[in-house]
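Construct the complete structure from the given sequences, taking the supplied hints into account.
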Amino acid sequence: VARALVEAAQRGDQDAFEALAIASADRLFAIARLILRDIHSAEDAVQETLVHAWRDLPRLRDPERFDAWLHRVLINACADQGRHRRRWSAEIHLVRAEPVADDAIGSMADRDQLERGFRRLRPEQRAVVVLHYYLGLTASEIADTIGVPVGTAKSRLHYATETLRAALEADDRGSVAATNGRPA
Amino acid sequence: MTTPRSTEERISLWLEEEAQGSLPDRVLEASFERARGTRQVRASAWRPSKMIRPISAFVAVGAAAILLVVGVSLLRPSTDPGGVGGTASTPPPSAVTSPEAAPTAAPSLDVSSWETYTSPRYGLSIAHPADWTVEPGDHDWSLDTDAEWPNTAADKFSAPDDHIAVAAWSVPVEPGTDLNAWIQTYCEKNTKPCTGLQARAEPVYAEPRDRHLGTLIRFQDDVQAFFLNGDRIYVVASWRAADEFDSRRLIEAFALSMCLGCGEDAPSPSPN
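Order-wise, the sequence lines are chains A and B.
The first sequence begins at 1 in the numbering used here and counts up by one.
The second sequence begins at 1 in the numbering used here and counts up by one.
Please note that the accuracy of each hint is not assured.
Per the computed footprint, the stretches of chain A lying under chain B, defined by three or more beta-carbons under 8 Å from a beta-carbon of chain B, are [unchecked claim]:
#, segment
1, 12-20
2, 141-155
Selected chain A positions facing chain B (Cβ under 10 Å, derived; list incomplete) [unchecked claim]:
#, residue
3, I39
4, V46
5, T49
6, D56
7, I75
8, A79
9, D110
10, Y159
Source of the hints: derived by calculation from the structure; they are not laboratory data.
Predicted model only: the values in this text are computed from it and were never measured.
For each residue, glycine too, the CB sits at the ideal point set by N, CA and C.
Spelled out as structure tokens, the structure:
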């Protein structure tokens with residue numbers, strides 16, 4: 001992010017802020033959608049994020065940390081959305097009924113099981129999963145972004161990963177059992 | 001045949017697939033429209049009175065007159081329905097003319113209609129306007145990671161219009177910790193200005209009956225009250241987007257309603 005744009009936005013330059021927002025919008029939307037599992041809630045969360053970011057931007061001390069700071073504002077907005085609308089439970093994604101190629105079957109099964117596993121996670125655990133596996137942040141960077149101790153970020157990530165692993169392994173076992181029991 | 005993938009790779013692939021798509025333009029436009037109508041938090045919002053440079057008598061009289069008008073307007077029900085920026089449902093505030101109930105000469109808020117929130121995480125109870133939203137903190141507040149605002153550690157109280165927020169939390173400290181020294185360390189983490197804190201410190205009280213003395217500091221963007229009780233420091237902070245709000249009265253009202261060490265499963269019961 002261009003430091004000059006952030007500094008201009010901090011001084012009240014609306015055009016600079018909008019340029020920053022446009023550059024970040026799709027990324028913020030993706031993160032919000034992944035966490036909230038609901039497009040409308042994600043749109044609301046991004047809108048709240050941008051308005052709060054504009055309002056609070058002068059309080060950001062280090063313009064270089066704009067992206068991390070914006071992610072923190074977004075995570076808080078997602079938490080607010082979840083609290084207010086109680087939509088943390090994911091909507092069930094219907095698996096397409098049409099025939100699919102063999103090599104896509106594994107991917108679809110993953111999708112279904114990961115969705116189920118993800119739904120079991122609490123909002124703060126979903127956030128660390130998205131920040132780590134989607135944005136590629138380390139535990140230390142996650143801790144800095146969401147404002148928790150590094151140990152907390154690590155434990156949330158560990159628990160969330162194990163939950164998703166368990167969901168996948170349960171499906172893998174089911175697939176093996178089904179294959180073994182299939183008539184020749 | 002598919003190549004076996006690790007759990008981590010499968011999670012990453014799934015998230016990448018799920019993340020496809022762009023934010024609709026209408027959402028961006030709506031965000032910008034709202035932002036254009038929103039004032040930014042400015043550094044001049046909470047200038048402490050003791051920091052004001054010497055000014056001419058004429059300007060001083062003018063400023064005093066403005067403050068008087070602002071003070072009166074804050075006490076008028078029609079302009080401040082919640083007493084603290086609420087929009088509708090909280091009964092209007094009235095000046096409580098009991099000087100001993102507040103540490104300053106300014107009239108305190110009428111908190112008779114406020115509700116009490118008990119925080120098991122921080123071992124405190126505190127009153128808030130009935131129509132405010134309460135968001136309990138989701139982890140224990142830490143000086144290392146949560147000195148910055150916003151954070152999700154503190155218990156947060158928000159006015160209906162979301163323009164005023166009050167946060168309350170506590171943190172364990174080493175026996176013998178000096179409150180002023182701790183405030184200095186805390187200030188340097190993320191708040192400013194941090195110079196001359198002791199000179200800027202003002203008295204504030206917690207505990208409606210026992211009147212536990214604490215320290216009130218006006219920072220650049222907020223007003224915060226600090227109390228040392230046993231082996232914990234309790235903090236209540238007030239912040240608002242706009243700059244015309246009397247945050248000191250608000251923080252005094254919140255603080256005076258606080259019971260230190262009174263939460264369920266309190267982490268550090270009050271030794272007093």
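Double-check A:I39 for me: the hint is only fine if its C-beta lies closer than 10 Å to a C-beta in chain B.
-> holds (8 Å)
Evaluation of the interface hint that places A:Y159 against chain B, nearest CB under 10 Å | violated (14 Å)
Against chain B, run the beta carbon of A:I75 and see if the smallest gap drops under 10 Å.
-> Interface hint status for A:I75: holds (8 Å vs cutoff 10 Å).
Holds or violated: the segment 141-155 of chain A covered by chain B, criterion of 3 or more residues with Cβ-Cβ distance under 8 Å?
-> holds (count 7)
Against chain B, does the segment 12-20 of chain A show at least 3 residues with beta-carbon separation below 8 Å?
-> holds (count 4)
May I ask you to test the interface hint for A:T49 with respect to chain B, counting a Cβ-Cβ separation under 10 Å as satisfied?
-> holds (8 Å)
Hold the hint about A:D56 up to the distance rule: shortest CB distance to chain B must be less than 10 Å.
-> holds (6 Å)
Answer holds if the nearest beta-carbon of chain B is closer than 10 Å to that of A:V46; otherwise answer violated.
-> holds (6 Å)
Is the shortest C-beta separation between A:A79 and chain B less than 10 Å?
-> Nearest chain B Cβ about 7 Å off; hint holds.
Minimum beta-carbon distance criterion (10 Å), A:D110 to chain B | holds (5 Å)
Checked against the numbered hints given earlier, this structure breaks only hint 10.
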